[in-house]
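Peer 1: These are the residues of each chain, in order.
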Amino acid sequence: MPDLTRLPPVVARRRAGVRSHADLLSTPIIVLLGGAAVALWVSTRKLDDIETRALQPSAILSDLGQHLILTAYSTFFVIVIAVPLGILLSRQGARRIRNVVLAVSGFAQALPPYGVLVLIAFAPAPFGFNPFSVIAGLVAAALLPVLRNTVVGLRQVDPALIEAARGMGMSARATLFRVELPLAVPVMMAGIRVALVLNVGTAVLATFVGGGGLGSLIVRAQTLNRPIVLVTAGAIVAALALMVDWLAGVAERLVRARTS
Amino acid sequence: MSRATTNPGGSADRPPDQQPMIVLEGVSKTYPGHLTPAVAEVDLAVARGSIVMLVGPSGCGKTTTLKMMNRLIEPTTGRILLDGEDVTKVNADQLRRRIGYVIQQVGLFPHFTVGQNIGVVPRMLGWERRRIRQRIDELLELVGLPPGEFRDRYPRQLSGGQQQRVGVARALAADPPVMLMDEPFGAIDPITRERLHDQFLEIQRTVRKTICFVTHDLQEAIKLGDHIAIFAAGGRIAQYDTPEMILSRPANDFVREFVGSGAAVRRLHLIALSTLALDKIATGSSATAGAHPVIEVDGSGRPVAWIRVPGVDGSPALATVPLSGSVYDAVDAMLDAHSSAVAVVDGDGRAVGALRWEALVGELQMRGRHR
Chain A
1 MPDLTRLPPV
11 VARRRAGVRS
21 HADLLSTPII
31 VLLGGAAVAL
41 WVSTRKLDDI
51 ETRALQPSAI
61 LSDLGQHLIL
71 TAYSTFFVIV
81 IAVPLGILLS
91 RQGARRIRNV
101 VLAVSGFAQA
111 LPPYGVLVLI
121 AFAPAPFGFN
131 PFSVIAGLVA
141 AALLPVLRNT
151 VVGLRQVDPA
161 LIEAARGMGM
171 SARATLFRVE
181 LPLAVPVMMA
191 GIRVALVLNV
201 GTAVLATFVG
211 GGGLGSLIVR
221 AQTLNRPIVL
231 VTAGAIVAAL
241 ALMVDWLAGV
251 AERLVRARTS
Chain B
1 MSRATTNPGG
11 SADRPPDQQP
21 MIVLEGVSKT
31 YPGHLTPAVA
41 EVDLAVARGS
51 IVMLVGPSGC
61 GKTTTLKMMN
71 RLIEPTTGRI
81 LLDGEDVTKV
91 NADQLRRRIG
101 YVIQQVGLFP
111 HFTVGQNIGV
121 VPRMLGWERR
131 RIRQRIDELL
141 ELVGLPPGEF
151 RDRYPRQLSG
161 GQQQRVGVAR
171 ALAADPPVML
181 MDEPFGAIDP
191 ITRERLHDQF
201 LEIQRTVRKT
211 ICFVTHDLQE
221 AIKLGDHIAI
231 FAAGGRIAQY
241 DTPEMILSRP
251 ANDFVREFVG
261 SGAAVRRLHL
271 IALSTLALDK
281 IATGSSATAG
291 AHPVIEVDGS
301 GRPVAWIRVP
311 GVDGSPALAT
321 VPLSGSVYDA
331 VDAMLDAHSS
341 AVAVVDGDGR
351 AVGALRWEAL
361 VGELQMRGRH
371 R
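Residue numbers (this note's numbering), protein chains in the order written: chain A, 1 to 260; chain B, 1 to 371.
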């Protein structure tokens, strides 16, 4: 399977205490150098008609656009579902079902995304071979990191802070929004970053159930048996995954710097 | 600070300003799944403007008792009256905004500045911005942290002692009549703790709050408390009395054992030097003065050395103790200097009198007979 993007998720970067952010430059430099190398290699090759058509910027941009939309929607729904659920599970009253729910969502993540996508595509309407199924599958596969990090992030808030807040007369709700969530945000952001990178990678499979995206470019290259297109498509997917991870990493660092 | 010598019991026919601020009536707490109560049938009355120390070994229910007063823990039975009002049924969040609360871990919000931390309760009460800002500066002054320097810092930039002072300022923010303090100085090194104690008593002289203070340190209880409630295992109060009475008349074996040896020495903490008749001091080199000790002073009246102390051969080493100290401090200074006399000095360091060992023992004998 041409899944070039299943990079190991990087969760814990160095703590925010490190003042130098020079390390943030490494990913863009690698992406730029790699992209330049591939572009140089492609430009020295003589392309036939089929290759030229397959590598048309407009075609690639359309696939890229679809890919980004799939990633954005699925990550959005992951956050909308997993964050509130995580907040509920972190409450004292939910301690019995907490581990059950985390285990079930861990199970969902362990399923091979390709199989899940195909199963969902064969499910009755509104599922089917359409982007809706793709997004449902992506959400199921990326739910756990956000859910678990929300629960963990909220549970690791010093109980003394919660006692102080309640002891001063803050309501449970105000304590959640003004003390617990702000202090949990860095950990939650790390989970969202993992989900985002998972989604960018898994969205390559969308093409098999009618969802489009950069997977289509790869499939086209394989059917046409054109290695140069395949390499280009792989390079684009890899560069996209690296850049999305990089952007999320920058956002994570900004949040950390603000709250700790 | 005045120490009432009678138990401030809850008789209802007192004038309103002498009615106790906090009253616990038959308050018990049994945690779910436990057979024995953590707090059993506690009756307690805390006089307005006084400090009551809840002391006892771990697991005796003193913290549970404290947390029932602001209903962080709901009592199983009994009534809790705050300023005459039964608070076991009112809205707990609103109740807590009227009660200052200080905990051992301080619990300053790390993502708030010092000023924002202090402003939490006033903001909840809907104070105006200007008033909150003024109050923050006022409180930082009160706890001895210059507002200009500390207001915009974050808690992690403060030492443990400074953090706890901000914790106290935060609890005082909305000027609540009652403060609950749960081992506030428990995690602070002994030297800083001593300083915080003195500062705490000084603040209390200005703010006159009704304070319940949990500690496991009897020394701290004796130093800070107007009254002490000693908790025994099983969540009962073994004795509720003034520090003086607890040290000199333990009500039962439990208290006697808890107070332990050295009660007589501890009692010295309770006698302020200013209440003793000190020997007059003659100054200068005129060694002719009769029965008075003679001391050599420098230009500004600060003692330099003893010239002669009656009843002592030669001139003993000079030890000084401030007039604001206790007899304990004076004895400590004497022992430290291997001297049987100590010069008592005022705030500016000028000698105001002398205390000799023989005179002190005589005075204590007299006090003992009068008791």
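Watch out, some of these pointers could steer you wrong.
Stated by the list, open to error - Residues of chain A clear of chain B, computed beta-carbon distances all greater than 12 Å:
1) Val38
2) Ala39
3) Val42
4) Ile50
5) Tyr73
6) Val80
7) Ala110
8) Phe127
9) Arg155
10) Thr175
11) Leu183
12) Ala235
Unchecked claim - Using C-beta positions, here's what the derived DEER-type ranges look like:
13) A:Leu61 x B:Tyr154: 56 to 62 Å
14) A:Asp158 x B:Thr275: 51 to 57 Å
15) A:Arg91 x B:Leu335: 54 to 60 Å
16) B:Arg302 x A:Ala22: 29 to 35 Å
17) B:Thr275 x A:Arg91: 53 to 59 Å
18) A:Pro57 x B:Tyr154: 56 to 62 Å
19) B:Arg195 x A:Leu25: 57 to 63 Å
20) B:Leu323 x A:Phe177: 51 to 57 Å
To be clear, the hints were calculated from the coordinates, so they are not data collected in a lab.
Each residue gets a CB set at the ideal place from its N, CA and C atoms; glycine is no exception.
Peer 1: Taking the CB of A:Asp158 and the CB of B:Thr275, does the distance hold inside 51 to 57 Å?
Peer 2: violated (45 Å)
Peer 1: Checking the smallest CB distance to chain B, is A:Val80 really beyond 12 Å?
Peer 2: holds (25 Å)
Peer 1: When you look at the beta carbon of A:Val38, is every beta carbon of chain B farther off than 12 Å?
Peer 2: holds (44 Å)
Peer 1: Does A:Val42 clear chain B by more than 12 Å, comparing its Cβ with all Cβ atoms of that chain?
Peer 2: Holds: least Cβ distance 49 Å, greater than 12 Å.
Peer 1: Was A:Leu183 rightly flagged as not at the interface, with every chain B Cβ beyond 12 Å?
Peer 2: The claim is violated: A:Leu183 sits with its nearest Cβ about 6 Å from chain B, within 12 Å.
Peer 1: Kindly confirm whether 56 to 62 Å is satisfied by the beta carbon distance between A:Pro57 and B:Tyr154.
Peer 2: Taking Cβ atoms as reference, A:Pro57 and B:Tyr154 lie about 50 Å apart, which means the hint is violated.
Peer 1: Go ahead and decide if the range 56 to 62 Å is satisfied by the Cβ distance of A:Leu61 to B:Tyr154.
Peer 2: violated (46 Å)
Peer 1: Does A:Ala39 clear chain B by more than 12 Å, comparing its Cβ with all Cβ atoms of that chain?
Peer 2: holds (45 Å)
Peer 1: If I claimed the Cβ atoms of B:Leu323 and A:Phe177 lie 51 to 57 Å apart, would that claim hold in this structure?
Peer 2: holds (53 Å)
Peer 1: Test the statement that A:Phe127 is away from the interface with chain B: the closest C-beta pair must be farther apart than 12 Å.
Peer 2: With a cut-off of 12 Å, A:Phe127 remains clear of chain B, as the shortest Cβ separation is near 43 Å.
Peer 1: Please verify that the nearest CB of chain B lies beyond 12 Å from A:Ile50's CB.
Peer 2: For A:Ile50, whose nearest Cβ neighbour in chain B is about 58 Å away, the distance exceeds 12 Å, so it holds.
Peer 1: Do the Cβ positions of B:Arg195 and A:Leu25 conform to the proposed distance bound of 57 to 63 Å?
Peer 2: violated (49 Å)
When each numbered hint is compared with the structure, violations occur for hints 10, 11, 13, 14, 16, 18 and 19.
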